[in-house]
Amino acid sequence: LVKYRPPAEQVRDGVTLRNDTGVFEGGEISIWYDPMIAKLCTHAPTRAEAITAMAQGLDGFYIDGIQHNVPFVSAIMDNPRWKEGTLSTGFIAEEFPDGFKGNAMTPELADRLTTVACVLDHVENRRKRKISGQMSGRAVKFSKERRVRLGDDWHDIEVVHETERLIQILLPGERGERAIVSHWTPGSPVWHGIIDGEEVSVQVRRISNGYRLSHRGVSVDARVYTPREAELVNLMPKKVAADTSKKLLCPMPGLVVALHVGEGAEVKAGDALAIVEAMKMENILRAERDGTVKKINVKAGDSLSVDAVIMEFV
Numbered sequence: 002l003v004k005y006r007p008p009a010e011q012v013r014d015g016v017t018l019r020n021d022t023g024v025f026e027g028g029e030i031s032i033w034y035d036p037m038i039a040k041l042c043t044h045a046p047t048r049a050e051a052i053t054a055m056a057q058g059l060d061g062f063y064i065d066g067i068q069h070n071v072p073f074v075s076a077i078m079d080n081p082r083w084k085e086g087t088l089s090t091g092f093i094a095e096e097f098p099d100g101f102k103g104n105a106m107t108p109e110l111a112d113r114l115t116t117v118a119c120v121l122d123h124v125e126n127r128r129k130r131k132i133s134g135q136m137s138g139r140a141v142k143f144s145k146e147r148r149v150r151l152g153d154d155w156h157d158i159e160v161v162h163e164t165e166r167l168i169q170i171l172l173p174g175e176r177g178e179r180a181i182v183s184h185w186t187p188g189s190p191v192w193h194g195i196i197d198g199e200e201v202s203v204q205v206r207r208i209s210n211g212y213r214l215s216h217r218g219v220s221v222d223a224r225v226y227t228p229r230e231a232e233l234v235n236l237m238p239k240k241v242a243a244d245t246s247k248k249l250l251c252p253m254p255g256l257v258v259a260l261h262v263g264e265g266a267e268v269k270a271g272d273a274l275a276i277v278e279a280m281k282m283e284n285i286l287r288a289e290r291d292g293t294v295k296k297i298n299v300k301a302g303d304s305l306s307v308d309a310v311i312m313e314f315v
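What the sequence shown shows, in the working numbering, is residues 2 to 315, in sequence order.
Source of the hints: derived by calculation from the structure; they are not laboratory data. One or more of the hints may lead you astray.
Pairs of lysine-lysine, DSSO-like flavour, derived with a Cα cap of 27 Å [unchecked claim]:
id, residue 1, residue 2
1, K269, K240
2, K40, K131
3, K269, K300
4, K281, K295
5, K247, K4
6, K129, K84
Now the in silico label distances, taken between C-beta atoms and shown as ranges [said to hold, decoys possible]:
id, residue 1, residue 2, range
7, P81, I30, 19 to 27 Å
8, G198, K295, 57 to 65 Å
9, P81, R207, 33 to 41 Å
10, R290, E159, 20 to 28 Å
11, K145, G198, 20 to 28 Å
12, D291, H193, 13 to 21 Å
13, R82, W33, 32 to 40 Å
14, K102, D21, 41 to 49 Å
15, V315, A9, 25 to 33 Å
16, V315, T227, 29 to 37 Å
17, G198, W83, 24 to 32 Å
18, F25, G100, 25 to 33 Å
19, S89, I30, 37 to 45 Å
20, D35, K145, 38 to 46 Å
Predicted, not measured: the structure shown is a model, and the values here were computed from it. A virtual CB, placed ideally from N, CA and C, is assigned to each residue, including glycine.
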């Protein structure tokens, strides 16, 4: 566990948040044991209050170094059927028939994450300006207008007023002005603050010229620019992701239990290719499309890391 920062356990206004766990930051999570590393629990007078407390707790549950299901559980807390309590044993299969690929970005979430990204950038820039021993030079006018790129979408925002903790920002159109109280210090893995009176937590991971933000089951790259920087960024060539469509990658650390095909075999979409055991569970890896096996890089009994190439296709 590279990072393990669960939300603070507390009892407040009749709502209890508790984290049952047996792991610690820096500890090893072996493939040989049960996959559950923590159980986050909430209790409140009503189901709706307990779900709200759970969603807020998950927003601030920061884990790095292993794959985990915090975004998935966050998405469940946002599911209408879950909120209503109309559940069945087929709930996950019915609500996520194609698996979980992240919660959908909504306009409200986009505004919130744009706001947080702008505040993060503003707080970092404010600290940079206060660093002692800087060489004097020409005066630079500090622009408070920003363009935030969330994924592939652009959002305009402006800082209109600030004190030590309070920052007021302006969103275009009828969305208007918002007041943010920020408790974040640069380097902290979770942004805690208040947006228009509502407590909000967002997980923050530093990336090139921005942040990877995780909140309510959504993970998105947010990059913050001045208007001029945004103009120039649009002229830069886009990096093309590596093509892994002709490779079967190991989705988790695990042990190869069996290989169901050999080199030269023709496979159809959905055919079982291999079984990998991890955390006391056997995971069947299937072909995503029709093809022919070109090369197999592993054998039964091999221990694999995440994204290890199991086999390649023509």
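Evaluated hints:
Distance restraint check for K269 and K240: the Cα-Cα separation of roughly 31 Å exceeds the 27 Å cut-off, and the hinted pair is therefore not satisfied. Pair hint K40 plus K131 does not hold up; C-alpha atoms about 42 Å apart against a cutoff of 27 Å. A threshold of 27 Å between alpha carbons decides the hint, and for K269 with K300 the separation of about 21 Å falls inside it, so the pair holds. Pair hint K281 plus K295 does not hold up; C-alpha atoms about 30 Å apart against a cutoff of 27 Å.
Pair hint K247 plus K4 does not hold up; C-alpha atoms about 33 Å apart against a cutoff of 27 Å. Taken as a hint, the K129 and K84 pair is broken in the structure, with Cα atoms around 44 Å apart against an allowance of 27 Å. As the Cβ distance of P81 to I30 is approximately 33 Å, the hint placing it in 19 to 27 Å is violated. Checking the proposed 57 to 65 Å range against G198 and K295 shows it holds: the Cβ atoms sit about 59 Å from each other.
Checked against the hint of 33 to 41 Å, the pair P81 and R207 passes, with Cβ atoms roughly 34 Å apart. As the Cβ distance of R290 to E159 is approximately 47 Å, the hint placing it in 20 to 28 Å is violated. For K145 and G198, the hinted distance range of 20 to 28 Å is satisfied, since their beta carbons lie about 23 Å from each other. For the pair D291 and H193, the supplied restraint of 13 to 21 Å is violated, since their beta-carbon distance comes to about 49 Å.
Between R82 and W33 the C-beta distance comes to about 35 Å, which sits within the given range of 32 to 40 Å. Look at K102 against D21: about 29 Å separates their beta carbons, and that is not inside 41 to 49 Å. Separated by about 53 Å at the C-beta atoms, V315 and A9 break the suggested range of 25 to 33 Å. The given range of 29 to 37 Å is broken by V315 and T227, whose C-beta atoms sit roughly 48 Å from each other.
Distance hint check for G198 and W83: the Cβ-Cβ separation is about 25 Å, which falls inside the suggested range of 24 to 32 Å. For F25 paired with G100, a C-beta distance near 31 Å keeps the hint of 25 to 33 Å intact. For the pair S89 and I30, the beta carbons lie near 32 Å from each other, so the given range of 37 to 45 Å is not met. Between D35 and K145 the Cβ separation comes to about 51 Å, which falls outside the hinted range of 38 to 46 Å.
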